[in-house]
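Undergrad: Sequence:
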Amino acid sequence: MGHIRVVRWGILGGFCLAAALWLTVSQLARAQQATIEGWFHILWYDGPPGSGIKGEIYVLIDDQGQEYRLQLDLKLTEPFGGVLALNRKRVKLVVEQTPGPLGQQGSVRVLSIQLGMAGALAGIEPISGPQPWVNLLCKFSDVSAEPQPLSYFTGLMGNTYPGLDHYWREVSYNNINIVGSASQNWKTLPHDRAYYGATGSGTSANLTALFNDCTAIHDADVYFPNFVGINLMFNDLLDCCAWGGSRTATLDGVNKTYRVTWEPPWGYQNQGVMAHEMGHGWGWPHSSGAYGATYDSRWDVMSDIWNTCPPTDPTYGCVGQGTISYHKDLGAWIPSARKFVPTLNTVTTIEIDRLNQPGSSTNYLMARIPIPGSSQFYTVEARRFIGYDGKVPAEAIVIHHVDATRANDAWVVDADGNLDGACVIPADDANCDPDDAGAQWMPGETYTDAANSIQITVNSITATGFIVTITYGNPPSCTNTGAIFRIERTTGNVCADGSFNSGGADVAEYVRVSEAVEPGDVLELDPTKPGHYRKARGAYSHLVAGVVSTQPGVILGARGQSEGKVLLALIGRVPVRATTENGPIRPGDLLTSSSKPGYAMRCESAHKCEGAIIGKALEALDVGEGVILMLLMR
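Sequential numbering from 78 applies to the sequence shown in the working numbering.
Bear in mind the hints are in silico, worked out from the structure with no lab data behind them. Beta carbons: idealized from backbone N, C-alpha and C, even for Gly.
Have a look at the derived ranges for each label pair, beta carbon to beta carbon: (1) 343 x 257: 22 to 30 Å; (2) 693 x 390: 49 to 57 Å; (3) 681 x 525: 34 to 42 Å; (4) 386 x 693: 45 to 53 Å; (5) 191 x 272: 35 to 43 Å.
Produce the entire structure from the sequences given, and follow the hints as far as they go.
TA: Right, dumping it as structure tokens:
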């Protein structure tokens, strides 16, 4: 019996070994390399409010309509300028097949990339002129609900606020519109909800089947080549998300690449979601802070739309804010004459107009500052409360660091954080928030990238923008020509081999005020009128900014109009109105604002006056009110 048992185990062991060898050979065969060719697409997915779900997938659609999901190392896209530059382009890929059927149920790993057409160039196409979309309303066969009537979708695409035609006209400076868009009434899909993927979670929606079936049931009523985009509107949840991107398909006998969104009810019931997904249709990625999140930047409709609401529109829900200069530049909506690109080793002061509804036809709309030795760059833009930008966090200069080899190209530059893609407390901002004061670059603040010799200084606010000085590289010091006084015509720099002597002892700049003021008055920022100053109105004011100059030694910002402005002393020795309401003032006492508007008083302790100190008294005031000399210490 023992011998027989051994023989039986031997036969079984041999069978198992043969089976294992067969599986190994089969797996090796299935892992062989192959070459596939077709159209490369990025599809972005976005979860409902509060979910934090986001991401993107990469697909190739061949000439037979077969879709391949791609496992893609973004480093392979760097020679082409990043993955966005390949979106909607014909490519030839060497891939390694993985177990399981290809298409949406499986994937292939990309080993190499080649542009699929001779002479083709990677890059993002400009967007201009009419961009009509068609809304296709599609019901699952087992879900009878019609969440919105046809008239709702017609209004959603309209040219009055907050219709999407109105939105895209404003955001694009009228470079595009969606005139000619249409909506088709509800029709029933051939399959039930479960057929198209698991409901409410994951990214399992069969986007190919949803696209094919939804376009097929409307085909008799729509000539698709008349449209650039297709919004697929469903009457129930898909998987986790709403989707946006593009798809190459043959419809009505024409092979064409369409901009496409796949929308559950919560998508089309919020105008901001529709604007976001249509932005993906344009080919725009998400933007974000530098902390590893995606939906955290309220500066951009391609990031966080939910925290800009309430208020909401009674019909179209949460309305999107504008987008960032990087995306507008991708669309070729900012003319080169209004995009400042610095020359290496220069210092340049420019006026940047507000990004939305600019108040000037000539001022810059953005600065694009290349980072030497790389394809990365900074963008600098001015955001003000107007139009769809009425929902941004503040009126401020906003800086983004752009790296096209990341999934989220543009990261908000936050003074409190690091550009490392992670939120590390306390090394980073206490709350890793790209919307707070750390990301709001205000007059008097400077961002410095010492490693790349880049400095961005916000000088002042204007009626419709900001004055900004950009130092790029290492500007040469004054050239020694032998003259003791010289003006460099190329830079405007004034150089003197000696001391500067003036009749005043302070440095001042022109500022706007919201009330009548006099020399010696203590001024603070006016919280009710951005860009303006007023008399300091309370003791220990943290808004205190300086003193109205009596006789300045140096005047800054004099190049612009001075009408309606006063000279605010920023540093140096200056007369100041003072009161002894907090006790007699002695030379050396720290001074802060008093309860009497425009007057300074003695500060009891540096700790109590932290953030509210104006300067140090140089003269005494024993009782009452008077004017004394003070050394500004702001």
